[in-house]
Amino acid sequence: VSALSRRSLLRAITRAGVSLPVLGLLRTVAGLGCSRPYSSNTARAERPLASTPTAARRLIVYYFPDGIPEPPDGEPSQWHMAETGKDFTLSTNLQPLAPFRDRCVFFNNLTMGPIGEGAHPEGAMKLLTGTPDPNRNETIQGPSLDQYLGRTIGQDTPFPSIYLGAQATVDSTTSDAFISYPNATHSTAPMDNPFSAYASLFGKGTAVPPTGPNPDDVSLLDAVAADLNDLQAKLGTVEKQKLAAHLDALEQLEKQIKGLGVVSGTSCKSVASTTGALTNDPNWLAAPENFPAILKAETDLMVGAMACGLTRVGVIQASQHTTNLIMSRFADTPFYAPPGPLDMRSHQASHYGNQGAGALFTDYVMQVTWWVEQFAYLLGALRSLPEDGGTMLDHSLVLMCSEISNGSTHSHHNMPFVLAGGGGGAISAGSLGSTYDVGVRNHADLLTSIAIAMGDPATSTGRQGFGQGSTVGGLPGLVG
Amino acid sequence: VFTYKANGADLTSVVVAGSFNSWATTSAQGAWPLTLNNGTWSGAPPGALTPGTYPYKFVIDGSRWVLDPTNPVRVSDGEGGENSVLSVTCSSSGRSAAAQGGAGNAAAGSAGGGAIDLTSAFPPEVRPTGFVYDDNGPARYVDLGLVTAYGQAASASVAAGDLSALVTCDEKADPASCARAFVTSFGLRAFRRPLVQAELDRYTRLLLNAQNGFFAGVALVVRAMLISPNFLYRFEVGVAQSDGTYHLTPYETASALSYTLWGTMPDQSLFDAAANGRLVTPHDIETEVRRLLADPRARKLVGVFASQWLGIENVTSLAKAPPYAAAFTGALSQAMLQETEQFVPYVMFDGSKRYDEVLTAAYTFASGSLATFYGIAGVTGPDLQKVTYPDAHRSGILGQASVLAANAYSDQSAPILRGLFVRKRLLCQTLPSPPANVPPLPPINPNASTRERVTEHAANAFCQTCHVDLDDLGFGFENFDAIGAWRTDDNGPIDSTGDMNDVEQLGADTHAPFTSLPQLAHILANSRAAPACFVSQYSSFARGYNAPSSCSNEALVARFSATGHDMQDMIVGLTTAGDFVVRQ
Numbered sequence: 004v005s006a007l008s009r010r011s012l013l014r015a016i017t018r019a020g021v022s023l024p025v026l027g028l029l030r031t032v033a034g035l036g037c038s039r040p041y042s043s044n045t046a047r048a049e050r051p052l053a054s055t056p057t058a059a060r061r062l063i064v065y066y067f068p069d070g071i072p073e074p075p076d077g078e079p080s081q082w083h084m085a086e087t088g089k090d091f092t093l094s095t096n097l098q099p100l101a102p103f104r105d106r107c108v109f110f111n112n113l114t115m116g117p118i119g120e121g122a123h124p125e126g127a128m129k130l131l132t133g134t135p136d137p138n139r140n141e142t143i144q145g146p147s148l149d150q151y152l153g154r155t156i157g158q159d160t161p162f163p164s165i166y167l168g169a170q171a172t173v174d175s176t177t178s179d180a181f182i183s184y185p186n187a188t189h190s191t192a193p194m195d196n197p198f199s200a201y202a203s204l205f206g207k208g209t210a211v212p213p214t215g216p217n218p219d220d221v222s223l224l225d226a227v228a229a230d231l232n233d234l235q236a237k238l239g240t241v242e243k244q245k246l247a248a249h250l251d252a253l254e255q256l257e258k259q260i261k262g263l264g265v266v267s268g269t270s271c272k273s274v275a276s277t278t279g280a281l282t283n284d285p286n287w288l289a290a291p292e293n294f295p296a297i298l299k300a301e302t303d304l305m306v307g308a309m310a311c312g313l314t315r316v317g318v319i320q321a322s323q324h325t326t327n328l329i330m331s332r333f334a335d336t337p338f339y340a341p342p343g344p345l346d347m348r349s350h351q352a353s354h355y356g357n358q359g360a361g362a363l364f365t366d367y368v369m370q371v372t373w374w375v376e377q378f379a380y381l382l383g384a385l386r387s388l389p390e391d392g393g394t395m396l397d398h399s400l401v402l403m404c405s406e407i408s409n410g411s412t413h414s415h416h417n418m419p420f421v422l423a424g425g426g427g428g429a430i431s432a433g434s435l436g437s438t439y440d441v442g443v444r445n446h447a448d449l450l451t452s453i454a455i456a457m458g459d460p461a462t463s464t465g466r467q468g469f470g471q472g473s474t475v476g477g478l479p480g481l482v483g
Numbered sequence: 006v007f008t009y010k011a012n013g014a015d016l017t018s019v020v021v022a023g024s025f026n027s028w029a030t031t032s033a034q035g036a037w038p039l040t041l042n043n044g045t046w047s048g049a050p051p052g053a054l055t056p057g058t059y060p061y062k063f064v065i066d067g068s069r070w071v072l073d074p075t076n077p078v079r080v081s082d083g084e085g086g087e088n089s090v091l092s093v094t095c096s097s098s099g100r101s102a103a104a105q106g107g108a109g110n111a112a113a114g115s116a117g118g119g120a121i122d123l124t125s126a127f128p129p130e131v132r133p134t135g136f137v138y139d140d141n142g143p144a145r146y147v148d149l150g151l152v153t154a155y156g157q158a159a160s161a162s163v164a165a166g167d168l169s170a171l172v173t174c175d176e177k178a179d180p181a182s183c184a185r186a187f188v189t190s191f192g193l194r195a196f197r198r199p200l201v202q203a204e205l206d207r208y209t210r211l212l213l214n215a216q217n218g219f220f221a222g223v224a225l226v227v228r229a230m231l232i233s234p235n236f237l238y239r240f241e242v243g244v245a246q247s248d249g250t251y252h253l254t255p256y257e258t259a260s261a262l263s264y265t266l267w268g269t270m271p272d273q274s275l276f277d278a279a280a281n282g283r284l285v286t287p288h289d290i291e292t293e294v295r296r297l298l299a300d301p302r303a304r305k306l307v308g309v310f311a312s313q314w315l316g317i318e319n320v321t322s323l324a325k326a327p328p329y330a331a332a333f334t335g336a337l338s339q340a341m342l343q344e345t346e347q348f349v350p351y352v353m354f355d356g357s358k359r360y361d362e363v364l365t366a367a368y369t370f371a372s373g374s375l376a377t378f379y380g381i382a383g384v385t386g387p388d389l390q391k392v393t394y395p396d397a398h399r400s401g402i403l404g405q406a407s408v409l410a411a412n413a414y415s416d417q418s419a420p421i422l423r424g425l426f427v428r429k430r431l432l433c434q435t436l437p438s439p440p441a442n443v444p445p446l447p448p449i450n451p452n453a454s455t456r457e458r459v460t461e462h463a464a465n466a467f468c469q470t471c472h473v474d475l476d477d478l479g480f481g482f483e484n485f486d487a488i489g490a491w492r493t494d495d496n497g498p499i500d501s502t503g504d505m506n507d508v509e510q511l512g513a514d515t516h517a518p519f520t521s522l523p524q525l526a527h528i529l530a531n532s533r534a535a536p537a538c539f540v541s542q543y544s545s546f547a548r549g550y551n552a553p554s555s556c557s558n559e560a561l562v563a564r565f566s567a568t569g570h571d572m573q574d575m576i577v578g579l580t581t582a583g584d585f586v587v588r589q
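Residue numbers (this note's numbering), protein chains in the order written: chain A, 4 to 483; chain B, 6 to 589.
Note that these hints are calculated values from the structure, not bench results. The hints are all genuine.
To be clear about the criterion: a stretch of chain A counts as covered by chain B if any three or more of its residues have a C-beta under 8 angstroms from a C-beta of chain B, and this derived list gives those stretches:
(1) 171-179
(2) 226-236
(3) 247-260
(4) 285-295
Think about it this way: if two alpha-carbon atoms lie no more than 25 angstroms apart in a straight line, the pair counts; the simulated SDA-like pairs of lysine to any residue are:
(5) K258/A / Y146/B
(6) K89/A / R104/A
(7) K89/A / H416/A
(8) K261/A / A215/B
(9) K243/A / Q246/B
(10) K358/B / D300/B
(11) K243/A / P199/B
(12) K261/A / N214/B
(13) K243/A / D139/B
(14) K358/B / A397/B
(15) K305/B / G142/B
(16) K299/A / P389/A
(17) K299/A / N42/B
The structure presented is a predicted model; accordingly, all values stated were derived computationally and were not measured. Built from N, CA and C at the ideal position, the CB exists for glycine as well.
Could you build the full structure based on these sequences and the hints that come with them?
Quick look at the structure:
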């Protein structure tokens, strides 16, 4: 009778299961503004304005931790360009983007507002939610741009959005370490194991079986959906939101089973080899010296998923803020040091002080340049794949960001944003290849512009901006 | 999958010998060879095994017999020693199913007990800021990633198992009533309550309408139920009463108790108690709580609580630098984690049961390598056993290497982190986040001690406002290096005098100097703040959210104090309090 031990089977799953909280608590959470159910149907029914440019095919957000080196006033920035417009000298940190210079928009003067306590976690919360300023008693409010777009323009793909990480859950799984917010108050963790990510994304294959979907699978989902409907009638608001999220997930599963929206484009090739150099062992995957290979594998997975049409919206989170990642153990980098007293962690280097010199500063500049190199690798991978007479990069939007600006002062002003690609013509020719600077603007305006460029109905019809501090229409002249 | 980490040793061969291959010691005789890759030997059984349990050991270089260090399941060999145990609940199909479930086919280190690990591909659970436990109700949502992972695990389960074992009726004679009987019995376990009529009808129909016969239908029902919200969420909703409160149903109470005390579903006795109306009064509940506490599952969950409370879950994956890296082997860090996970339950169930002993115990648990690390002679092998410290250097959890290594940098001790550990984890005190624009760290002076460098770093008055509560406390741990080993020299003789200032409240400007960890332990055990913090920590773990300070919590703290900090009684108190079954 031990052939399938029911109890151990159930235990194995429920141990990592989930729990509904008690009602008394839920009221508190609801009071924080939990209830803002997003109706994708309403939004989708609205037609974009006729003047809306061609929508970008996809968005990939690339995040790296712990900000950038911004020396004090009077010295040149290591990141931001001194000149605006198209005639500028590429900064030290951004040198790896030289081959893509004409495909990038480099932003000066985008702000996320003043900082309160804990600028790192606060920055991670603000980054994609577009929330401007928690000091003005505004609760950080999700969803984040990726999750939002997943609901508005990501419904026709097997995955509304995909969130991958590279050692992003090694230090902690604290909510404020992550940048993707499916709902108002809680983030979600990225898929951090490339093997599991591969299985989730490609495990079922991307082609519809010639015989059509398995009717058993469809009736299975119907039964579970009926369970959900029964519960919806019985529970309170917050539980209903949980069940709605569950139902959304089942609907996506159904689309996957039915093979809806899967495009096996010419660039959809096997990505099985991306994990070839890795070892599926928790300690191996947590070791700092293996970080570069893991980030590369996750980047390849994201590009592969996009090439196969699995999604239009993706986020790659490299590590997490204030990380203990010992970057000095990355082989073949100028900041490599053998394990020992010279171990240099990302967060350690970012606190270089204000001396603008010294070992911490030197290492930090090199570390940040390395993060930019990995962004350049992502751009290169997209450019290597043909798509509709051009390359995938031509039709993409690729956003690079970090949760703070100056690593030492933790400033949220003059944030390090770079938008690459071209979005298939969605980004204006005047902006591409330039340092974009229209004075101090909220970073939520950039998020709004991206939403517009992606063809999101609510923002592109001028009905609203994205995020609490945004301007309707986003940044002037960027899109179109 | 079997794995064995060589930890730098130059080995020629590692094979698996056990009852399944007549204890052959060489691969020529039929032992199962492991292959070396990146310092780890790994391999899988060459073919399917019939379900059952099999004792085995690894044979190193043809002659040295060792237990499987990754497998905690052991059995006596009848000759005073032990063997590891492989439990086969699924044969070779289980391995392919595991791969299908996303576990991959490389050495995943999940061989524990030989059963497939269905949870390895599950996304990590996000913990809200300030909440250190992995199960938080408000933060928990089932999204596409989770449904996919759960669905794949469910598919792996049904692919690996013998479904006929789940069906006790004759499906050929009367498929319809047999289907209904299966749905009834499996549904009770999956949903932790009897199914209502509509559910019974729905799942019976699902089973009978399956494309490829009765057992394909059984598999379908199992897969469906395991991604249903009724399975994935713990329902503690209750029934509305006339006074506006909600009372948990007996089945919800049974589920709440088993998850709180065991971290898993109710057993048959608990289901029976729910069915027979024996889970209503506080006395009923206390009877069940005491029964559950006597079960090994309660002990195991207390170990899980301990590792999350103390923040040592990641100790096995910490990167340490030379000269510490060589000593900090996988086996040693694993033993460190196990030490704490065994020690806290031991105090609660076998020791005095008192919280004070968690801090003050002069004993601990150590494997051979950990005992050597602690300077204790006479322990060999990977199994942990109870040992007494040979000196007064260490004391309870404060001196355990897991805590010390987790609160240190790769290459040096970290007084600030250790001070923070005591403040946050043991005293529940909240310090403000470090300010922006902290002054630059002074250059590393290779001739200065850690204490001197930290003192210099936080010398100015601005820094002192916070660091006064961290550094003087953390300096008391300076006799322990980056991996928790005892040391007496750090660029000169070590000054490990400390001050447990502001023990009851930050800013109170009280002082309690100490010169050793046993002294610090007594200061904490005799404080009001530390035992109250422990109650608060356990309550957060048990409830799945940070319990606000409330009458209920104050009553628990008072009860804890009145019983001399009896930790078992604390659990009884928490689960029999009115608010456990009556929710506002």
